[in-house]
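Asker: With chain A fixed as given, assemble chain B with the ligands onto it according to the hints.
Going down the list, the sequences are from chains A and B.
Be aware that the first sequence starts at 1, since it is given in our numbering, and climbs by one per residue.
Be aware that the second sequence starts at 549, since it is given in our numbering, and climbs by one per residue.
One should not assume that every hint holds.
Said to hold, decoys possible - Among the chain B residues that face chain A by a calculated CB cut under 7 Å, a handful are:
#: 1; residue: Thr-620
#: 2; residue: Gln-624
#: 3; residue: Gly-630
#: 4; residue: Arg-633
#: 5; residue: Asn-647
#: 6; residue: Ala-653
#: 7; residue: Trp-655
#: 8; residue: Ile-747
#: 9; residue: Met-812
#: 10; residue: Asp-1008
#: 11; residue: Arg-1090
What the hints assert, rightly or not - Where chain B lies over chain A, by a calculated footprint (3+ residues, C-beta under 8 Å):
#: 12; stretch: 122-133
#: 13; stretch: 340-353
#: 14; stretch: 358-371
#: 15; stretch: 456-462
#: 16; stretch: 470-476
#: 17; stretch: 479-491
Stated by the list, open to error - Distance ranges between label pairs, derived from CB positions:
#: 18; chain 1: A; residue 1: Thr-65; chain 2: B; residue 2: Arg-1088; range: 11 to 21 Å
#: 19; chain 1: B; residue 1: Gly-665; chain 2: A; residue 2: Ser-534; range: 19 to 29 Å
#: 20; chain 1: B; residue 1: Arg-614; chain 2: A; residue 2: Gly-154; range: 45 to 55 Å
#: 21; chain 1: A; residue 1: Arg-539; chain 2: B; residue 2: Arg-614; range: 15 to 25 Å
#: 22; chain 1: A; residue 1: Glu-547; chain 2: B; residue 2: Glu-832; range: 34 to 44 Å
#: 23; chain 1: B; residue 1: Gly-665; chain 2: A; residue 2: Thr-65; range: 49 to 59 Å
#: 24; chain 1: A; residue 1: Lys-281; chain 2: B; residue 2: Ala-836; range: 39 to 49 Å
If you're looking for bench data, these hints aren't it; they were derived computationally from the structure.
From a predicted model like this one, the values you see are computed outputs, not experimental measurements.
Here a beta-carbon is modelled for each residue, glycine too, at the ideal position from N, C-alpha and C.
Number of protein chains: 2
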Amino acid sequence: SRVVRAARGSAMTAKGWPQEAALRMICNNLDPEVAEHPERLVVYGGSGKAARDWASFEAITRSLTRLDGDETLLVQSGRPVGVMRTHEWAPRVLIANSNLVPEWANWEEFRRLEAAGLTMYGQMTAGSWIYIGTQGILQGTYETFAAVAAKRFGGSLAGTITLTAGLGGMGGAQPLAVTMNGGVAICVDCDPRSIERRIGHRYLDVRASSLEEALRLAYEARDARRPLSIGVEANAADAVPALLRMGAEIDVVTDQTSAHDPLMYLPLGIAFADMAAERDKDPEGFTARARESMARHVEAMVGFQDAGAEVFDYGNSIRGEARLGGYERAFAFPGFVPAYIRPLFCQGKGPFRWAALSGDPADIAATDRAILSLFPDNEPLARWIRMAGEKVAFQGLPARICWLGYGERDLAGERFNDMVASGELQAPIVIGRDHLDCGSVASPYRETEGMLDGSDAIADWPLLNAMVNVASGASWVSIHHGGGVGIGRSIHAGQVTVADGSALAGEKLARVLSNDPGMGVIRHVDAGYEDAVSVAAQRRVRIPMREP
Amino acid sequence: SRVVRAARGSAMTAKGWPQEAALRMICNNLDPEVAEHPERLVVYGGSGKAARDWASFEAITRSLTRLDGDETLLVQSGRPVGVMRTHEWAPRVLIANSNLVPEWANWEEFRRLEAAGLTMYGQMTAGSWIYIGTQGILQGTYETFAAVAAKRFGGSLAGTITLTAGLGGMGGAQPLAVTMNGGVAICVDCDPRSIERRIGHRYLDVRASSLEEALRLAYEARDARRPLSIGVEANAADAVPALLRMGAEIDVVTDQTSAHDPLMYLPLGIAFADMAAERDKDPEGFTARARESMARHVEAMVGFQDAGAEVFDYGNSIRGEARLGGYERAFAFPGFVPAYIRPLFCQGKGPFRWAALSGDPADIAATDRAILSLFPDNEPLARWIRMAGEKVAFQGLPARICWLGYGERDLAGERFNDMVASGELQAPIVIGRDHLDCGSVASPYRETEGMLDGSDAIADWPLLNAMVNVASGASWVSIHHGGGVGIGRSIHAGQVTVADGSALAGEKLARVLSNDPGMGVIRHVDAGYEDAVSVAAQRRVRIPMREP
Ligand SMILES: NC(=O)c1ccc[n+]([C@@H]2O[C@H](COP(=O)([O-])OP(=O)(O)OC[C@H]3O[C@@H](n4cnc5c(N)ncnc54)[C@H](O)[C@@H]3O)[C@@H](O)[C@H]2O)c1
Ligand SMILES: NC(=O)c1ccc[n+]([C@@H]2O[C@H](COP(=O)([O-])OP(=O)(O)OC[C@H]3O[C@@H](n4cnc5c(N)ncnc54)[C@H](O)[C@@H]3O)[C@@H](O)[C@H]2O)c1
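The following block holds chain A by itself, in its conformation from the complex:
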């Protein structure tokens, strides 16, 4: 099967950098270094795809190569459906992935439509062409474990053991995020390749051949206050209850198996090698068994919580699935967003990320230095940038991520654009973010769980976010359904804007990188968060209901 990789360097085949950037980034999403299953166009998150099929991929890249600077390509669930004349401030690509009319927004109808070739699952950054490999989630995971450390363990995970499962595209960031915070991690996965891959990328330190060995290694490292991450091959629905029964001394428990899609979670009693065949044979039976297994898995997580551990849902809907599987107390532990992330959202903070179209790691090193000099007083940010520079192996185009807030992202974007203009960087920089951001997602089991005013399920915000990004000069904008937590459970939007060194790009970046995080501020002001109200007042975010 064909191998796709982004072009590198400062010469383009498209008619402008925004088009060229889209072209390179869809290819980069499918780079074997980046994508989980490139031969099936699957980038990450179980079945999150970059394009519907290879014919669609060909037509997208062909159209991008020909697209003029006042034209816009429309992509419907990974298939290019039209090219329309717009203007130079308009995005070059508009994307809507996996969206369904709510009453039909369930896995059964989605799979029927997918099988008929009419839709695809876009996850968050798979179908919107800004996935940058495991680093993308590493920073968020690092931030989350740092917040856990601050809340419960005096600012460091040194001397603690974290138990989790799932070492896939997103979950694979967990072991490194824990060790970056000084802790010990036991990571369960049923797929030996996931374990090997994380060891290969230096995200995971060692592999244990049994739960007993994993525990022994963990206790040793914990007692020496030495960071260590340990992979162990097992079914989490089996291993987590077993560890609970063994009385394992675990301080933090979470999970990132692909629970949001029950067809991707290995049920108890099925060997990993038979998983695909069993799923294809009887998807409904498989779903029921997966949910029952998740019920056992979550029951054991609640058991650890009852025993005093810090336990949280890491955004994969496992609580919802476990409840469907018959376990009543599934929501006994919180989601990670209300527990740790929402205070950041109130400041418009979120996963600012960028990639160097040159392909040269030196360009990222230069932007790293720029970030350090732009925000000299932000010590946690500086620590992250330095550690990332040391520990993160790039996948595909060199890229970086750090969380920046309202009033910061635009400064960074304009600086990068100046660096492209001055020739300090060898080629343009692509600036985007995850859909998991402060003002771009409605997801009652994750980003908008437990909002202060009860507005968890209101989905106007991500749609306004997408529209305001289209109106502000983003290079491509996407609206997706079901990313992260599964079909029916989220609506979210993304934007990517290209810093090509032109004055126009500078103006677009200034607007997009203010308005986009500005959505986070106004969303949380509207919900009544005092932190957001004071950020809005300090930084002059305009809220009509509060103007005289």
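Answerer: The following block gives chain B with the ligands in isolation, referenced to the frame of chain A:
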């Protein structure tokens, strides 16, 4: 309570015509001549509102008055939540109304959020500020009955009797649409004010005091092949079965009670005067009774079909509700879209509408003449324009609607803009449309029922439609959930673009009024409609999957 009415004339209080237009159009939506219940901000369709509450209305109008030509106001379910700096090609207002994450997209959660002051029901053109009164639907209704006539009765309804119910904001257009097609209509409504209002507006001819009298008048007119519309006060769930039992000679049966919202349908056994009180006392019990009554109502409609009548669902979800009410054969008759409207959608045809900001009917008369001269060969269009000029009483700002297709709407828009520029019109023209359009809605019980490829529930299209309108220079753009057919059952988008006579407006109109109907063409090409494929080929609509 306060009375709102749009300003008239060629002087503005806002800083630009797009802003002024939005200001006048939200006020026009609430003009007592236009709105069904202006004191509650309800414009039409049961509970479709223009703004969340009066404080929101004040803040919207205040913000519009101050808004600069490179700023954009964000409206979340009728409340203004932000003002952001964009650019002069960007819309001045972006609106998202009533959107919910799918798993929570049901009436119960919606009403909980509405009661908490967190959302409102936007219907289609209520919350997007381009409702123009009953004329808006009159043209669509006229087209539909004309198609019924063409299909079954040799091109005219002369000599036939149509039975329908619901004389509200939308349904009130039915009697005039039937008589314009030469037929006789019996129209049942339980609210005597709805009947009086339609007689007042000359949409309904006479009122009968009983079903027997209505039938007698109908037979007389039918036998004389004389057009006549007859209102009769009754509960449709009672009257339609009664007429069936009486053996009434009915040729066409449909319904436009507000069935999409079971709290707005009068159940059997409740007097109209007690409706509000009973609903407030026990909303759940009321809902169940309404659905049971709809089951009886639809059962009688199917009875008429079995007896040979032409029967169709007129887009109010009554089949879905009747099935919930326990009636199995509810979907025995089709929706009006697959039956009559889809062939028009394939050509990018849909409800093009405009209003004269001058307030002077002479401006509409001039645009009527312009339409007649632009499309001299389109006889059905000319017939409509002439009849509308005679029979339609304006409500609020003078306005006109006619269905135009891809390649026609942009011609009309640019012509109007030229007429503003030359001074032939006294003030700018606002050009918009219903959300019920060829490429702007996903609604499996109505606009996208029975798509050729089974893609009824795919909601990417309206989102792409909204984004491409934002990217093309529309003055305001909206994304709504649940209009027409109720919460959970539709996603749809709207655009309004102002012809202020400037060159920039001309460029924007050229793009918006091509790209917007272009979405209809590509949506139907993608679904495999041959008509759409040939329109795309003839008019050079660009479809990447079909380019070499
Ligand atoms: N917290 C966040 O910010 C965030 C962000 C994105 C995605 N997610 C969610 O995290 C989950 C994981 O995402 P991913 O991209 O890593 O998915 P993935 O499919 O790439 O990886 C899932 C891993 O889980 C393993 N697995 C499946 N069933 C198992 C079982 N019973 N026992 C042990 N291991 C099992 C698989 O072998 C695989 O390695 C998804 O549900 C995703 O939606 C969370
Ligand atoms: N076909 C279309 O293109 C289209 C467009 C928009 C709306 N609709 C749908 O049509 C329906 C009507 O819309 P509307 O704006 O006229 O609503 P409305 O609320 O203004 O009017 C509904 C009318 O139905 C009457 N009614 C309610 N229950 C009744 C009963 N049991 N018997 C007799 N009369 C009863 C009410 O008294 C009222 O006059 C809605 O469901 C709407 O969603 C259809």
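Asker: The structure should be examined with respect to each hint, and the outcome stated for every one.
Answerer: For each hint, the structure was consulted:
1. Thr-620: Cβ of Thr-620/B sits 6 Å from chain A, so the hint holds.
2. Gln-624: Since the shortest Cβ distance to chain A is 4 Å, the answer is holds.
3. Gly-630: holds (4 Å)
4. Arg-633: holds (6 Å)
5. Asn-647: holds (4 Å)
6. Ala-653: holds (3 Å)
7. Trp-655: Where the cut-off is 7 Å and the nearest Cβ of chain A is about 11 Å from Trp-655/B, the hint is violated.
8. Ile-747: For Ile-747/B, the interface hint is violated, since the closest Cβ of chain A sits about 38 Å away, which is over 7 Å.
9. Met-812: Violated: closest Cβ of chain A sits about 19 Å from Met-812/B, beyond 7 Å.
10. Asp-1008: At 4 Å from the nearest chain A Cβ, Asp-1008/B passes the 7 Å test, so the hint holds.
11. Arg-1090: holds (4 Å)
12. 122-133: Check failed, 0 qualifying residues.
13. 340-353: violated (count 0)
14. 358-371: The restraint on the stretch 358-371 of chain A is violated, since only 0 of its residues have a Cβ under 8 Å from chain B and three are required.
15. 456-462: It holds, with 6 qualifying residues against the three required.
16. 470-476: Coverage by chain B holds here, the residue count being 4 at a Cβ distance below 8 Å.
17. 479-491: That given contact holds, which follows from 7 residues of the stretch 479-491 of chain A lying within Cβ reach (below 8 Å) of chain B.
18. Thr-65/A <-> Arg-1088/B: 11 to 21 Å: holds (20 Å)
19. Gly-665/B <-> Ser-534/A: 19 to 29 Å: Roughly 23 Å apart at Cβ, these two residues keep to the hinted range, so it holds.
20. Arg-614/B <-> Gly-154/A: 45 to 55 Å: holds (50 Å)
21. Arg-539/A <-> Arg-614/B: 15 to 25 Å: For Arg-539/A and Arg-614/B the Cβ distance comes to about 20 Å; the hint holds.
22. Glu-547/A <-> Glu-832/B: 34 to 44 Å: Holds, since Glu-547/A and Glu-832/B (Cβ atoms, about 40 Å apart) stay within the stated range.
23. Gly-665/B <-> Thr-65/A: 49 to 59 Å: 50 Å Cβ-Cβ, so the 49 to 59 Å window holds.
24. Lys-281/A <-> Ala-836/B: 39 to 49 Å: holds (41 Å)
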